[in-house]
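S.K.: Going by the working numbering, the sequence shown opens with residue 1111, and the numbers climb by one from there.
One or more hints might be untrue.
What the hints assert, rightly or not - Here are the computed distance ranges between Cβ atoms for each label pair:
# : residue 1 : residue 2 : range
1 : ASN1147   : MET1111   : 45 to 53 Å
2 : GLY1171   : VAL1124   : 46 to 54 Å
3 : ILE1119   : ASP1164   : 47 to 55 Å
Everything labelled a hint here was simulated from the structure, so no lab data went into it.
Cβ coordinates follow ideal geometry from the N, Cα and C atoms, glycine included.
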Amino acid sequence: MIKGFREFILKGNVVDLAVAVVIGGAFGTVVTSLVNNIIMPLIAGIVGKPSFNDVLKFQIGSDPANTVMLGTFITVLLNFLIVAAAIYFIVVVPMNHMIARRNAKLGIKPEEDAPDPQVVLLTEIRDALKARN
1111 MIKGFREFIL KGNVVDLAVA VVIGGAFGTV VTSLVNNIIM PLIAGIVGKP
1161 SFNDVLKFQI GSDPANTVML GTFITVLLNF LIVAAAIYFI VVVPMNHMIA
1211 RRNAKLGIKP EEDAPDPQVV LLTEIRDALK ARN
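Let's have the full structure, built from the sequences with the hints guiding it.
M.R.: Quick look at the structure:
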């Protein structure tokens, strides 16, 4: 039982996943710092506040717990979009360029997508109908 667990843990995929989680956490900290310390102060310079938490806030009834905070949602949404853009431009775009350069250097051509089976079938049906007429 312990031997099986040890083999499972030492598999390459599990170790790779563990490394990815640690690096992802560290990268998340960097991106969070980018958002909080650089981008949001720039937004504060334009809008006047570093967040929209106090904007579009209204209370339903007399209970403060029934407060709709659209501004907080806008802040979180903006943070998400900034993080997604940072990950895309810092990780995805350079990785795609690196893969394309490596493939060009090795002479690997991009694979063409196989046609959709439904399109192939419809084309065959069309051709068969044309042949009948």
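S.K.: Work down the list of hints and note, for each, if the structure agrees.
M.R.: Hint-by-hint comparison with the structure:
no.: 1; hint: ASN1147 x MET1111: 45 to 53 Å; in the structure: 49 Å, holds
no.: 2; hint: GLY1171 x VAL1124: 46 to 54 Å; in the structure: 51 Å, holds
no.: 3; hint: ILE1119 x ASP1164: 47 to 55 Å; in the structure: 48 Å, holds
The structure agrees with every numbered hint stated previously.
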